[in-house]
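Go by the hints and put chain X onto chain Y.
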Amino acid sequence: MSQSAASPFFKRLPFALRIEARVEEPPGWYPLTISLGAILLALILGGIVIALAGGDPIRSYLHIANASFGNVGVFSDTLVKATPLIMTGLACSVAFRMKLWNIGAEGQFIMGAFGASAVVLAPLLPAETSPWVFIPVMLLAGMVAGALWGFIPGFLKATLRVNEIISSLMLNYIAVAWINFWIFAVWTEGGFQMSPQFPKNAWLPRLTDLAARFPFFAGLTTHLGLLFGILLAVLVWFVLYRSRWGYEIRLIGDNPQAARYAGLNITANTILVMMFSGALAGIGGMSEVTGMVHRLQTAPLAAGYGFTGIIVAWLAKLNPLAVMPVSILFGALILAGREIQPSGIPKMIQGIILVCLIASDFLMRYRVYLVRKNQEA
Amino acid sequence: MDFTIILQAGVASGTVLLFATLGEILTERSGVLNLGVEGMMLIGAMFAFKVTNASGNPWLGVLAAILMAGLLSQIHAFITVTLQADQVVSGLSLTFLGTGISLVLGEGLSKAGTVALLPAFSFPLLSQIPILGPIFFTEQSIMVYLGYVLIPLAWFYINRTRPGMHLRAVGEYPAAADALGINVFRLRYFYVFVGGALAGLAGATISLAISPGWFSELTTAGMGWIAVGLVIFAQWDPLRAAFGSYAFGALRRLILDIQGPTVFVGAIGGFKFLEMRNPFYYNPYWGFFLQMLPYAFTIIVLVIGSREAMRKRLGAPAALGNPYIRGARGL
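Residue numbers (the numbering used here), protein chains in the order written: chain Y, 1 to 377; chain X, 1 to 331.
Pulled out of the complex, with its shape left as it was, chain Y reads as follows:
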């Protein structure tokens, strides 16, 4: 299929665009170049809006770079911010790979944090339990809570054909109200909107905890969750690209018709993939609450990690291994964004990046040539 002037938009330009569908796969360097180009364009567009809002775009960007990669201390903080994004990014990648639009990673993340907190606060385990028992039990609790929260939209989608985008999104709001109830009514610390701090043995170990042996690590808050994230990324990559189940997921995503003819159980896979996705986000919530926040509290947990995970997954082209570097990039953006004014800038730049990325996908599917009008005539 070859077409010139795909729509009226192109017709009005002084030159003609010739657009041809790509027949062969683009060369290996091409996707990365396009993505980087999209990010660059996004930063330029973002800079224009910052300038319009009365800010200084170059100062803002330099500030972001310096406040997130400037020295070992802030880079460690960047990694701390990247950790939950790896998990939510993986959660979205898995679901999106099957064209299941799980927009509920935010809620599954929050429920994961709730599940892990319940182990400490209910309490399911006494405060003096060894970390060797505490951490695996909390991990399991967070995973199960997240998977359950993912089960609901998955089940509704598979059995009643309820649109999973809206149901999973609505569950985000319900999850926030749910932990608010527990924080205010049951586990409140002296009437404040937070639970008491967890005992030290329920914290994920941090680099700074090893400072006695390695003085270089003093003050670095990067915690064990990062390792979880790396292991999960490898696991998810293996599941998606080296296992039979992963092959089924990708086949259903690419061609549900063919998958049905091949006898794949789409109903069961819909539910399972949503639960898998929810479990990954739930581990993210567990890692954040036990590694960073150390108490159940709404604001630092419901901070949009689930939503940013959507952008991370898309920028990583749903590749679990690429999720890690992309998460670090966005971790930097979130970390530095806390200090720049106006405070909405990181969110806006995320939005612009996603828009540019989706638009740039066009260049993956089509070749575009510029042709002078008179030459074509």
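Simulated from the structure, these hints should not be mistaken for laboratory data. Just so we're clear, the structure is a prediction, and the values are computed from it rather than from any experiment.
Covered by chain Y, according to a simulated footprint, are these stretches of chain X (three or more residues, beta-carbon under 8 Å): (1) 84-90; (2) 96-106; (3) 228-237; (4) 284-298; (5) 306-312.
In silico SDA-like pairs for lysine to any residue, Cα to Cα no more than 20 Å straight-line: (6) Lys99(Y) - Ala318(X); (7) Lys317(Y) - Trp237(Y); (8) Lys99(Y) - Leu320(X); (9) Lys111(X) - Gly54(Y); (10) Lys99(Y) - Asn322(X); (11) Lys111(X) - Ser343(Y); (12) Lys317(Y) - Pro31(Y); (13) Lys99(Y) - Tyr247(Y); (14) Lys317(Y) - Gly253(Y); (15) Lys99(Y) - Ala316(X); (16) Lys317(Y) - Val88(X); (17) Lys200(Y) - Ala122(Y); (18) Lys317(Y) - Gln84(X); (19) Lys99(Y) - Val88(X); (20) Lys317(Y) - Glu24(Y); (21) Lys99(Y) - Arg161(Y); (22) Lys312(X) - Leu160(Y); (23) Lys317(Y) - Tyr30(Y); (24) Lys317(Y) - Asp86(X); (25) Lys99(Y) - Gln84(X); (26) Lys317(Y) - Met364(Y); (27) Lys99(Y) - Phe151(Y); (28) Lys312(X) - Arg161(Y); (29) Lys99(Y) - Asp254(Y); (30) Lys111(X) - Asn53(X); (31) Lys317(Y) - Phe238(Y); (32) Lys99(Y) - Ala359(Y); (33) Lys99(Y) - Gly321(X); (34) Lys111(X) - Ala53(Y).
Quick reminder that beta carbons are idealized off the backbone N, C-alpha and C, glycines included.
Just chain X, lined up with the frame of chain Y:
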């Protein structure tokens, strides 16, 4: 607790959902799914408040809201209609973008204080009707009355006019519409704009009439997403959309009001009934479960809509979600 007041306020709050839902129905009828409603509403609410704050004229604010939200929607149209990208992801990115831009440009607006609001008035004669008059026609914002006009207008336009027929053709079978000489691309751009403009109007209705002010993301608190859900419940029909919107408006209002009184005294139009201790007053923590209700109800309403669609073999416009590629096989 006076149910008349709750229903009256519910109709006002439902008007926001009504505008957004009608807009999304028109967009989806042309075959384009736009999940950016929440972002477009935020842009509308922010610009309406910002422009009114600067100019003192709420109508300029409404105009700005319509134009800016419509402008934002054209990004989605360009990406999905011209660049043929995935409508789900593009719509999501529009929500991110709209939220981000409205936060950046709305910086400091929350401290702006009061601005001139859209006028509210009682409709002569109609407000005298017992029970219905006080609910629908007494001290309502002009936007609420606009809503009453838009409902039958939208229904008539879609079902009984030639442009409405073209709209449905483009959403059901774009290749056939194209063969008849209907410009599929142009119509889709147009209806995405209409959807964005109405979402912007919904945002302006919040910030200039229903709950005046700019409270960053909390201004809409997910109402744009509820509107997307209501479209499915409404089966793409403006009349059912109106029913759903007002019912949701009343529910939101009830949740706000139910925790106030110590004793329930029900009243409709002066008739009093029901006297009991208010459990929501004595158990304030139940409020968190009340807060879940609109979102839980959205899921329930989706279940109802999907079951009905399966039973009646009705459903979304056939081409919904698919880019139209001239000369490609299939839809």
